[in-house]
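Protein chains in written order, with the numbering used here: chain D, 599 to 854; chain V, 903 to 1154.
Just so you know, these hints were derived from the structure itself, not from any lab. Some hints could be false.
Only part of the chain V face toward chain D is listed, based on derived beta-carbon distances under 8 Å [stated by the list, open to error]: (1) S1044; (2) A1048; (3) L1056; (4) G1057; (5) G1058; (6) E1060; (7) V1063; (8) H1066; (9) P1070; (10) W1147.
Here are a few chain V residues that sit away from chain D, every Cβ distance over 10 Å (derived from the structure) [what the hints assert, rightly or not]: (11) L925; (12) E952; (13) V970; (14) T992; (15) I996; (16) P1001; (17) A1020; (18) V1067; (19) F1093; (20) M1108; (21) D1115.
Computed from a prediction, not measured in an experiment: that's the story for all the values here. Glycine included, each C-beta is placed from N, C-alpha and C at the ideal position.
Now for the letters of each chain:
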Amino acid sequence: MGGSPVVEIEDLHFFYRVGGRKVQVLEEVNLQVREGEAWAVIGPSGCGKTTFLYLLAGLLDPAGGRVAVCGSSPRQRQREIALILQNYGLFPWKTVWQNVVLGLQMRGLPRREQARRAEAILEELGLAELAQRYPEELSGGQKQRVAIARSLVTEPSLLLMDEPFSALDALTRERLQNFLLDLIQRRRLATVLVTHNIEEAAFLGRRIAVFSSLPGRILEVVDNPGMGDPDYRATEKFWQTVNYLRSRLQGQRLAS
Amino acid sequence: MRVRRVNRAVLNLRQAHRAVWHLFSWWLNTPTLPRPLAVLQAFLDRRAEEVWGHVWVSGRRILISLGVGLVLGVPLGLYLGRNRRLDAITAPFIHLTYPIPKIVFLPLLLIFLGLGDASRVVLITLAIFFQILVTTRDAARSLPQAAIYSIQSLGGTEWDVYRHVLFPYVLPRIFTALRISIGTAVAVLFFAESFATNSGLGYFIMDSWGRTDYERMFAGIVAMSLLGLTLYLGLETLEYWLCPWEFRGRAR
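Isolated chain D (complex conformation):
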C-alpha cells in the first residue's frame, strides 16, 4: 500500500494507578499505520485496546515511548484525528445536524461552509431526512451513521473507532461494515478499528494486530490481503483468516 506513515508508535508503555498500585496496561507496542491503510486491533476484553485508542487520539498521554500522528504528538494533531467512541458519543441535547456541525463550528469555519459540508455528508450517508431529530429518536444503526458523519465531516487524516458496531444486530452490523468499507476506501483514509469481534477484524482490517491479555502487547500482525472486497465474507480465504485469528486468541486465553 505504501504512502507516508500517518501513525508511528514506538515502544509504547502505559499504566494506570489503582489505589497507589501500578497496573501495566500496554507494554512495548510498536506499530505503523500508513496512508490509506486499514488496521484492526483485536484482543481479549480488558487487554487495553480502548486505552490504546485513547492514546492514539491524544486523550491520554503515554507513560513511555512515542506516539506520533502525522509527525507530531496526537494532542497537537487532534483536529486531524476523528474518534468514534463505543457508544457513539453523540450528544442527546443536540439534533443530528447540530451534532454533525459541532466539529466544524469549533474549528471556526464560516457558517455557510459548515452548512455546505454538513449537507453533503448527511446526503452521502443517507441521513438528510433525519437532520432535525435528536439522537434519542434514532435507531442504533442510524446513530452509528450519524457518528460516522460527524467524524468524517471534518475531513480527518486518521479515523479511530472503538467497537463501532458491537451494539447492533447482526444484519445491521454487516450492512454498516460494508458501508464503512466503501467510505474509507473511497477516501483512502487511514483507520484503526478496535474490536473484539473476529469477523469484523477480518472484514475491515487490511492488517490485524492481535493483542495479548493484560498487559497488552502485540502478539502478531496478521496480513489480510483479501480485505477490501465487499463480498470477502463469502470466500474461503476470509474464513481461513477468521479461524486463524480465533486459534491465536484462544491460545492466548489458555496461556494466560
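Based on these hints, arrange chain V on the given structure of chain D.
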C-alpha cells in the same frame, strides 16, 4: 404538551378547591373564612388596585433573587463539578453552610442592609443560592467521562466542554432545582416581607390580618399563591423551550 396537561390539572384542582372552600365557609359561618365570592369582590373593588401593587413588588423581589442566585450558583456549580481539587477544598464549607436555615439572618441583614429591598432580596437569594449551587455541582460531577472525551476528540477546548457538554447536560437539573427553589423563595419572601416594611404581599397579608380585614387578607393569600403558580408555570414553559430534547424521543 406537558404544559397543557398541567394547565388542565390546575383548572380541575381550582374548581375542586373552590367547591370545598365554599362548603367550609358556609358550614363554619365565621368571618375568618369568607366566601370565595367575597374574596373575589375584594380582589375586584378598589382595594384590589392595592393588591396588584404589592404583587409587583413581591414578584420583582423574587425574580431578582432567582436571577442573582442563578448567575452566581450555576457557573460556580459547574466549575466546582469540573475541578475535583477546588471541589474537595470547598465541599466542607458548603456542607456546613447548606443546612443552616438562611431566614435566621433576617435581623442581621436588616441591620446591615437597611429596611429596603436589598435586605429582603439578599435573604431570598441566600436561601436559594445554595440549592442551585449544590444541585448544579452534583449534576456536573456526574457527567460521564465519555462525553468529555467525545468533545475533546472533536477538537473541543475547555470552553467547548462547558458550552457544548457540561451546561446542556446540567440544564434540566437546574430546572428541577429551580422548581424546588420557587417554593422556598415564596416562603422566605413571605417571612422577609412580614417584618419592618410596608410593601409586598407578605406585608399586605399581615397588615390585613392585623386589621381583621379577612377578605383583604384572603385576597393577599390568593395573590401570593397565584404568584407562586405563575412562576412555576413560567419555568415549565421555559424548560420546554430551552431543553426540547427532554420532551422528545420518548416515543421510540
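Verification of the supplied hints:
1. S1044: violated, 14 Å
2. A1048: holds, 6 Å
3. L1056: holds, 4 Å
4. G1057: Nearest chain D Cβ about 5 Å off; hint holds.
5. G1058: holds, 5 Å
6. E1060: violated, 12 Å
7. V1063: violated, 11 Å
8. H1066: holds, 6 Å
9. P1070: Holds - the Cβ of V:P1070 comes within 8 Å of chain D, reaching about 4 Å at its closest.
10. W1147: holds, 5 Å
11. L925: Nearest chain D Cβ is 47 Å from V:L925, so the label holds.
12. E952: holds, 45 Å
13. V970: holds, 26 Å
14. T992: holds, 25 Å
15. I996: holds, 27 Å
16. P1001: holds, 32 Å
17. A1020: holds, 37 Å
18. V1067: Violated, because the least Cβ-Cβ distance between V:V1067 and chain D comes to about 7 Å, which does not exceed 10 Å.
19. F1093: holds, 37 Å
20. M1108: holds, 45 Å
21. D1115: Check passes; 51 Å lies beyond 10 Å.
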